[in-house]
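Q: The listed protein sequences derive, respectively, from chains D and G.
With my numbering applied, the first sequence corresponds to residues 1 to 219, in that order.
With my numbering applied, the second sequence corresponds to residues 1 to 219, in that order.
The set of hints was computed from the structure by calculation and includes no laboratory data.
Treat the numbers as computed from the prediction; the structure is a model and nothing was measured.
Watch out, some of these pointers could steer you wrong.
Copies of the same chain look alike in the list, so a pair counts if it fits in one copy or across any two.
To be verified - In silico PhoX-like cross-links for lysine-lysine, where the CA-CA straight-line distance does not exceed 25 Å:
id, residue 1, residue 2
1, Lys209, Lys24
2, Lys116, Lys100
3, Lys209, Lys84
4, Lys109, Lys34
5, Lys214, Lys72
6, Lys158, Lys24
7, Lys214, Lys123
8, Lys116, Lys75
9, Lys24, Lys123
10, Lys84, Lys24
11, Lys158, Lys34
12, Lys109, Lys209
13, Lys209, Lys72
14, Lys209, Lys34
15, Lys34, Lys116
16, Lys116, Lys214
17, Lys116, Lys209
18, Lys209, Lys75
There are 2 protein chains.
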Amino acid sequence: MAQEISISVIKRLPRYYRFLENLKDNGIVRISSKELAERMGLTASQIRHDFNCFGGFGQQGYGYNVPELYTKIGKILCVDAGVKTILIGAGNLGKAVASKIFTRQSGFKLVGIFDKNEAISGKIIQGIPVRHTNYLENFCIDNQPVCAVICIPSNDMKELTDMLCRLGIRSFWNFSNFDIAMAHPEVLVENVHLTDSLMTLSFLTSSSKEELEKISSAE
Amino acid sequence: MAQEISISVIKRLPRYYRFLENLKDNGIVRISSKELAERMGLTASQIRHDFNCFGGFGQQGYGYNVPELYTKIGKILCVDAGVKTILIGAGNLGKAVASKIFTRQSGFKLVGIFDKNEAISGKIIQGIPVRHTNYLENFCIDNQPVCAVICIPSNDMKELTDMLCRLGIRSFWNFSNFDIAMAHPEVLVENVHLTDSLMTLSFLTSSSKEELEKISSAE
Chain D
1 MAQEISISVI KRLPRYYRFL ENLKDNGIVR ISSKELAERM GLTASQIRHD FNCFGGFGQQ
61 GYGYNVPELY TKIGKILCVD AGVKTILIGA GNLGKAVASK IFTRQSGFKL VGIFDKNEAI
121 SGKIIQGIPV RHTNYLENFC IDNQPVCAVI CIPSNDMKEL TDMLCRLGIR SFWNFSNFDI
181 AMAHPEVLVE NVHLTDSLMT LSFLTSSSKE ELEKISSAE
Chain G
1 MAQEISISVI KRLPRYYRFL ENLKDNGIVR ISSKELAERM GLTASQIRHD FNCFGGFGQQ
61 GYGYNVPELY TKIGKILCVD AGVKTILIGA GNLGKAVASK IFTRQSGFKL VGIFDKNEAI
121 SGKIIQGIPV RHTNYLENFC IDNQPVCAVI CIPSNDMKEL TDMLCRLGIR SFWNFSNFDI
181 AMAHPEVLVE NVHLTDSLMT LSFLTSSSKE ELEKISSAE
């Protein structure tokens, strides 16, 4: 990318990728920015703006070639990178999240799963044994994972993230409420705060129609 | 709320609530906007602006009373509303998500769990039996749930959401990739797109330091 780019544009790329995959799977080869916009609930000019951030992918008057655009956006998202990843916490959430990582072209490759619950140690999740967290440090030294997925409560997170950052982890998919980015501004963090999401829905669900009309989508 | 309010402010409220709960649990009774800002990685003026959207909670020179502010924000978020909720999909993700709803003061009350997998039907999750989706329609007619949590893939979502909306569901916590809001603009939808989140992290993880410096946090 040549120019400065906003994080919102980046966060929209996976959605384009999903829509294009769907179009491709339905045998659609060419689409105009107008039609893509209608299907995605965006405007054609927003789509053109977003794609221009990465050099633009269309051809005047032709529209977009769907399989080509799909491949290009996939490359930008580094879906084939296979970044070495460990999962910490093998409860229901950890198992659900692992299945997302195992999805073809997630960009990540799960190499180790850890849990402090001894009853789970030794179980196999999609071919990978669950190890006790006691082995985490040595595993990281031996295997040099780059990304850690955090599916445990916030309690022991300070010590854990300190250790993981020291061992070379430089990106986190964080499902805990611990603020990793504040403790370690040097690493990349993508947070999924399920409780925050649920509370936002609680606010909206319990608001009256008149109150909802006062909510603007402006940031 | 009196004036127009942006969705971003609303989305920050759960985070304030979490931080205040933590302060309260640590016995902190009073906090200045400056100190709260530092702990949360925000600016004091942003905090004052956010709270002013709801009438303002502070007292000049005193700061905020932590337990009071916690209670007030909880009321705004309707954490005690106990909105009748059904969960569709009782796999790992569904079970993980159910535990969030069962959390004290989530704003929601889980009244039914459904899955089309007959092997799961009859199992009990935190006191609630998993019913086959064949019973979904009658259950909704009898129990009038307001919110549905969607933890199934996108495949059958069109028919399912059409039915749920017809049966009176007016708010969705949506973990599928199906765009409920586009199909049913009349309902409230809070999406959690795990794959999109993971792909955003993939992009960031595979970007060089120079590329990361070009990403602005502006929307």
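Q: Now look at each hint and say whether the structure bears it out.
A: Against the structure, the hints:
{"no.": "1", "hint": "Lys209 with Lys24", "in the structure": "neither (39 Å within a copy, 33 Å between copies)"}
{"no.": "2", "hint": "Lys116 with Lys100", "in the structure": "both (22 Å within a copy, 21 Å between copies)"}
{"no.": "3", "hint": "Lys209 with Lys84", "in the structure": "between (47 Å within a copy, 19 Å between copies)"}
{"no.": "4", "hint": "Lys109 with Lys34", "in the structure": "neither (36 Å within a copy, 42 Å between copies)"}
{"no.": "5", "hint": "Lys214 with Lys72", "in the structure": "between (40 Å within a copy, 20 Å between copies)"}
{"no.": "6", "hint": "Lys158 with Lys24", "in the structure": "between (44 Å within a copy, 20 Å between copies)"}
{"no.": "7", "hint": "Lys214 with Lys123", "in the structure": "neither (51 Å within a copy, 43 Å between copies)"}
{"no.": "8", "hint": "Lys116 with Lys75", "in the structure": "neither (36 Å within a copy, 36 Å between copies)"}
{"no.": "9", "hint": "Lys24 with Lys123", "in the structure": "neither (38 Å within a copy, 39 Å between copies)"}
{"no.": "10", "hint": "Lys84 with Lys24", "in the structure": "neither (29 Å within a copy, 39 Å between copies)"}
{"no.": "11", "hint": "Lys158 with Lys34", "in the structure": "between (48 Å within a copy, 23 Å between copies)"}
{"no.": "12", "hint": "Lys109 with Lys209", "in the structure": "between (45 Å within a copy, 22 Å between copies)"}
{"no.": "13", "hint": "Lys209 with Lys72", "in the structure": "between (42 Å within a copy, 21 Å between copies)"}
{"no.": "14", "hint": "Lys209 with Lys34", "in the structure": "neither (32 Å within a copy, 35 Å between copies)"}
{"no.": "15", "hint": "Lys34 with Lys116", "in the structure": "neither (51 Å within a copy, 38 Å between copies)"}
{"no.": "16", "hint": "Lys116 with Lys214", "in the structure": "neither (47 Å within a copy, 39 Å between copies)"}
{"no.": "17", "hint": "Lys116 with Lys209", "in the structure": "neither (47 Å within a copy, 34 Å between copies)"}
{"no.": "18", "hint": "Lys209 with Lys75", "in the structure": "between (43 Å within a copy, 18 Å between copies)"}
When each numbered hint is compared with the structure, violations occur for hints 1, 4, 7, 8, 9, 10, 14, 15, 16, 17.
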